[in-house]
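Participant: Going by my numbering, the letters in the sequence shown line up with residues 123 to 305, in that order.
Treat the hints with care, since some could be wrong.
In silico SDA-like cross-links for lysine to any residue, where the CA-CA straight-line distance does not exceed 25 Å [what the hints assert, rightly or not]: (1) K264 - M222; (2) K145 - Y162; (3) K128 - G154; (4) K142 - R180.
Keep in mind the hints are simulated off the structure, nothing from the lab.
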Amino acid sequence: MKIYTKNGDEGTTSLLGGTKVAKYDLRIEAYGTVDELNAYLGLIADQPEASDSLPLIRAIQSNLFVIGSQLANDPGRSHFKVPTLDESEVIQLENSIDAMEALLAPLTNFILPGGHPANSMTHVARCVCRRAERRVVELNEKAPVDPLMLRYLNRLSDWLFVLGRHFSRITGSEEILWHAQSV
123 MKIYTKNGDE GTTSLLGGTK VAKYDLRIEA YGTVDELNAY LGLIADQPEA SDSLPLIRAI
183 QSNLFVIGSQ LANDPGRSHF KVPTLDESEV IQLENSIDAM EALLAPLTNF ILPGGHPANS
243 MTHVARCVCR RAERRVVELN EKAPVDPLML RYLNRLSDWL FVLGRHFSRI TGSEEILWHA
303 QSV
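Let's have the full structure, built from the sequences with the hints guiding it.
Facilitator: Encoded structure:
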């Protein structure tokens, strides 16, 4: 089997179920952004600071594949049985957030991304996660999606924010506080 099919050379691609759509279609944009997020999580997983979080990061990556397959599935034509998320995956993120926050100083200011490469990567991933969430919310207005998908992406961006703070703590990096400048 060749990796290239040439089927997309004209600017279209097929959803699961065979429906051809433009490569800029909102559904493609949504699952493409989820795929981009998954790639950033792979980069985070490769950081030494992520070793204690690696099992959860791999579970999140798997869940992003689930979300991607749901988004790639043509709800009107596909007969594929695609995996679904479970409420326990959202709870797992919440439990991890709570465990990390128990070790962190309370937030008293907004913080700026940066201070350590691992922290910075989590903030980039958080921003991509928010973009993925926006695309899925927009798609949901046109073609309803599993509401659990929206909750998962929302919670995942929170988890990535706290993971960045966790990385600052374990590396001894100072969090960069934002202070409003007088105009």
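Participant: Hint by hint, say whether it matches the structure.
Facilitator: Quick rundown of the hints versus the structure:
{"no.": "1", "hint": "K264 - M222", "verdict": "violated, 37 Å"}
{"no.": "2", "hint": "K145 - Y162", "verdict": "holds, 22 Å"}
{"no.": "3", "hint": "K128 - G154", "verdict": "holds, 19 Å"}
{"no.": "4", "hint": "K142 - R180", "verdict": "violated, 31 Å"}
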